[in-house]
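Trainee: Next come the chains, spelled out residue by residue.
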Amino acid sequence: MLKKRIIPKFLLSDGRLVKGVRFHENFREAGNPVTTAKVYDSYGVDELIFLDIQATLKSQATMVDVIERAARDIFMPFTAGGGVRSHADVNRLLRAGADKVSVNTAAVERPHFVKEAARSFGDQCITVAIDYRRRPDGTHRVWTHGGHRETDLDPLEWALRMQDASCGEILLCSIDRDGTMEGYDLDMIAKASEALEVPVIASSGAGSLDDCADALNAGASAIAIASLFLFTDHSPIKVRSALFSRGLNVRASTSSRN
Amino acid sequence: MGNVRSVYNALDALGQDAVVTADPKEIANSDRVILPGVGAFGDAMDNLRQRGLIEVLSREVLQEKKPFLGICLGMQLLAMSSTEHGEHPGLGWFDASVVRFGLPKNGYKVPHMGWNDITPRLDHPLLRGLKEGQFVFYFVHSFHVTCRNPADVAASCDYGYPFTAAVARDNIFATQFHPEKSQDNGLQVLRNFAEWRP
Amino acid sequence: MRYCTNCIYPETQDTIMFDAQGTCSVCQQIEFRDENIDWTERRKELDALVAQYRGRGQYDCIVPFSGGKDSTFQAWYVVKELGLRPLLVRFDHWFYRPLVHENNTRTLKILGVEMLNFTPNWHVVRELMLESLTRRGDFCWHCHTGVYAYPMQVAIRYDTPLIIWGESLAEYMSFYSYDEMEEVDEKRFNRAMNLGMTADDMYEFLGGRVERRDLLPFTYPDRKDLMRIKCRSVCLGSYIKWDTKKNVEIIKRELGWEGQPVEGIPPQYDYEKVECMMQGVRDYLKFIKRGFGRTNHLANIDIRNKRMSREEGWEMAQEYDGKRPASLDFFLDFLQISEEEFLELAMKHQVSPHEHKIEFVKDGAPLPDMNQWDRTLIEKPVGPPRDKKGKVKTYI
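Quick note, the sequences are listed as chains A, B and C, same order.
Quick note on numbering: the numbering used here labels position 115 of the first sequence as 115, and the sequence is numbered without any gaps.
Quick note on numbering: the numbering used here labels position 97 of the second sequence as 97, and the sequence is numbered without any gaps.
Quick note on numbering: the numbering used here labels position 176 of the third sequence as 176, and the sequence is numbered without any gaps.
Treat the hints with care, since some could be wrong.
Unchecked claim - Heads up, simulated DMTMM-like pairs for lysine to aspartate or glutamate below, C-alpha to C-alpha not over 25 angstroms straight-line: (1) C/Lys393 - A/Glu182; (2) B/Lys131 - C/Asp19; (3) C/Lys224 - A/Asp65; (4) C/Lys187 - B/Glu132; (5) C/Lys187 - A/Glu25; (6) B/Lys131 - C/Glu167; (7) A/Lys58 - C/Glu204; (8) C/Lys348 - C/Asp369; (9) B/Lys131 - C/Asp38; (10) C/Lys389 - A/Glu29; (11) A/Lys58 - C/Asp200; (12) B/Lys131 - A/Asp73; (13) C/Lys224 - B/Glu132; (14) C/Lys230 - B/Asp184; (15) C/Lys380 - C/Asp138; (16) C/Lys241 - B/Glu132; (17) C/Lys230 - B/Asp117; (18) C/Lys187 - B/Asp117; (19) A/Lys115 - B/Glu64; (20) C/Lys393 - A/Asp65; (21) C/Lys393 - A/Asp73; (22) B/Lys131 - C/Glu341; (23) C/Lys393 - A/Glu29; (24) B/Lys131 - C/Asp329; (25) A/Lys115 - B/Asp117; (26) B/Lys131 - C/Glu35; (27) C/Lys389 - A/Asp73; (28) C/Lys187 - A/Asp65; (29) C/Lys389 - C/Asp374; (30) C/Lys393 - C/Glu312; (31) C/Lys357 - A/Asp210; (32) B/Lys131 - C/Glu31; (33) C/Lys391 - A/Glu29; (34) B/Lys131 - C/Glu339.
To be verified - A few chain A residues that don't get close to chain B, going by computed Cβ distances all over 12 angstroms: (35) Arg135; (36) Thr180; (37) Leu186.
These are calculated hints, taken from the structure and not from any lab test.
What you are looking at is a predicted structure, and each value in this text was computed from that prediction instead of being measured.
Heads up, the beta-carbon is just placed ideally off N, CA and C, and yes, glycines get one too.
Bound conformation, chain A alone (with noise of 0.2 angstroms):
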């Protein structure tokens, strides 16, 4: 059967790994993106995310520079992005070594970039992040630019354009919760994940086991997680074990091949 997802994501700037609240505020060290990689792949994660939070000409080789680097050392399935614009952006991450390259602020300017992209790259490799932020009157809206500018779109709408568009998977991010550690929004992921055909990735707010248990089982095809790994002592191991005690379908042996 196929197994639920736990994917590690790391944030870069100025080529290490970094963590925030709320994408803004309270940013911590979080290491050398290379080395915890191969710490990541030794734990038997299903797969990476990187996201170059910076996404200036600088960042972006930096990126390229630590997929690369990555992907001598690592054999398992990952996701770059952050700032991408163009094909050309794709093509470098993509011959870097990434499987899927995430985008978020191109495909809301231009209509036709993920699509175009999904047809030059591949259906599966466009993997669309959607950062929203919830609003006092309890719709959403999607947000673009790392958290910066606010959009009129609804995030589910969105997500439903984005398939249209054939990119492979969705990657949802609530920027109120991210960093917060007080649990995913369930109600979004549980919609999202019954709307849309393709894969919804669950991100933000992962700050206990049951919160990772919760989030599959409102339909998240996969969780992503960062403080809950990078602050505490809950390795992936243990967040799999649990997860698989609470009976869910992950990718779990007492096999180190695993």
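Assemble the complex: chain A is given as a structure, and chains B and C must be docked to it using the hints.
Mentor: Below, chains B and C alone, put in the same frame as chain A:
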């Protein structure tokens, strides 16, 4: 492309001497051939045709019997045809077709993306060295191969219904999953391929 | 909290999984060890392995050695049973108790072996302990990385490709299973030893308080260097059936090895972790985070080996686990933090669903040798500059 580089990196880590090439002469001079396809079926066939690779692959694999490994699209291309973005003929090495997953909406996402168990149908040298519980590999695809000859199926996988996860015949082996992205289990398949004397 | 139905491991134990009957994966591994492995065959495999290395260089193999019960047994077995000439490599984590030196003196004299001792810089060690405690609620990073990385560096330096470690991790945890031959390599180092933090990470975390070269003793060597010497790094416990109690009898008899009291465990286990001053603090932290301590672990070994009932084990753990160790005072002095800060850090790292009840904690008795422990205080502050209240920084 991503997975060409990854296949190369994995072989390098296993201490194998590999080259990435589209040059018929280099393919003719090699001891074994891996075809890791990426992108859409029709484009990939056009590329093989334009670069003159169909003849060299047929000669080296079907006549010279060099060990051959196809990965993902590199397996699908061995079929007679695919319906991805229109009807396209394939290499036709296997009596098989490539179709999109036809699945009920509830619970089954397409693409089939992530780690899934395979069930070996043959005791094949490329699947040796793996124990029970280790036949778990990484998949990412929306189309899958349907074999008309059950004897060609080396392994199957279940996603809503059983589909072909690997095909094999003589010196040919091909996988829908990505051994180069399947950590130790995948590296074992690549190591087996590097040592395979069909 | 959910517990194994066979032993008394709770669900907060890292790595374990429960099957449909509620039995934990470690109990299943031990059943596999006892019923499915042909240990005579495994021992033959060991003989065949070591035959390739005997007499090849200055040393036949390296035995990473602390002087505790397991590594003393390894050294004895390698010399007396396998007839090898080992180099013992000892990484001094700074907390060896006085008795260890006496034991080691006897062991080295009787066995007639050479030993290399390495002591890292105490200033660097303190920084690593505080950073590791802050990030993971576990201060042992410097020890667990040094103990597993440094002997590999020595293997390269002395061109001695065979390294023989002790028991398999499958004996106590589910990082590995008994049906595989566990290689003590970088994957295992990353998976089970370094708390998910490499020396490269630590260098960045410490923000210039140490130099990169200060961290070399804790850095796993390059894969290519290990490939060049064709390194094999194996567990003795993959080849011989591990029985701690029997091993302890052997080293007591053959090497005059002695045990001593340890904080938080019953006196009859006077062989368990006798080497480390900070064992009590480590186990206390584990209790705060995960709700069980070392007596739980010891009871489980006896339950799985059918020497104790589950009920007896439960009662024993209730009595001994979770006391505030007297050694905590030493620890707080070393790291220049208050008990409140220590507890705050520990509580932030609790693993759900465990909830620590601090009001029920009783004081543990001091150890008889504590008056011999070094208390040298150094003026140099540890950690990053603190906030106005002088508190250490936390990450969550």
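Trainee: Please work out if C/Lys187 and B/Asp117 have their alpha carbons no farther apart than 25 angstroms.
Mentor: It holds: about 23 angstroms lies between the C-alpha atoms, which stays within 25 angstroms.
Trainee: Does the structure keep C/Lys393 and A/Asp73 at a Cα separation of 25 angstroms or less?
Mentor: 34 angstroms, violated
Trainee: Check whether the Cα positions of C/Lys187 and A/Asp65 lie no farther apart than 25 angstroms.
Mentor: With a Cα-Cα distance of about 23 angstroms, the restraint between C/Lys187 and A/Asp65 holds, given a limit of 25 angstroms.
Trainee: Please work out if B/Lys131 and C/Glu35 have their alpha carbons no farther apart than 25 angstroms.
Mentor: 18 angstroms, holds
Trainee: Hey, C/Lys241 versus B/Glu132, does the alpha-carbon distance stay inside 25 angstroms?
Mentor: 23 angstroms, holds
Trainee: Would the pair A/Lys115 and B/Asp117 pass a check requiring their Cα atoms to be no farther apart than 25 angstroms?
Mentor: 31 angstroms, violated
Trainee: Does the structure keep C/Lys391 and A/Glu29 at a Cα separation of 25 angstroms or less?
Mentor: 19 angstroms, holds
Trainee: Between C/Lys393 and A/Glu182, does the CA-CA distance stay at or below 25 angstroms?
Mentor: 20 angstroms, holds
Trainee: Holds or violated: are the alpha carbons of A/Lys58 and C/Glu204 at most 25 angstroms from each other?
Mentor: 20 angstroms, holds
Trainee: Would the hint linking C/Lys389 and A/Glu29 be met if the CA-CA limit is 25 angstroms?
Mentor: 23 angstroms, holds
Trainee: Check whether the Cα positions of C/Lys357 and A/Asp210 lie no farther apart than 25 angstroms.
Mentor: Status holds; Cα separation ~21 angstroms.
Trainee: Just double-check A/Arg135 for me: nearest Cβ-Cβ distance to chain B has to come out over 12 angstroms.
Mentor: About 29 angstroms separates A/Arg135 from the closest Cβ of chain B, which puts it past 12 angstroms; holds.
Hint compliance for this structure: hints 5, 8, 13, 17, 19, 20, 21, 22, 24, 25, 27, 29, 30, 34 are not met, and every other hint is.
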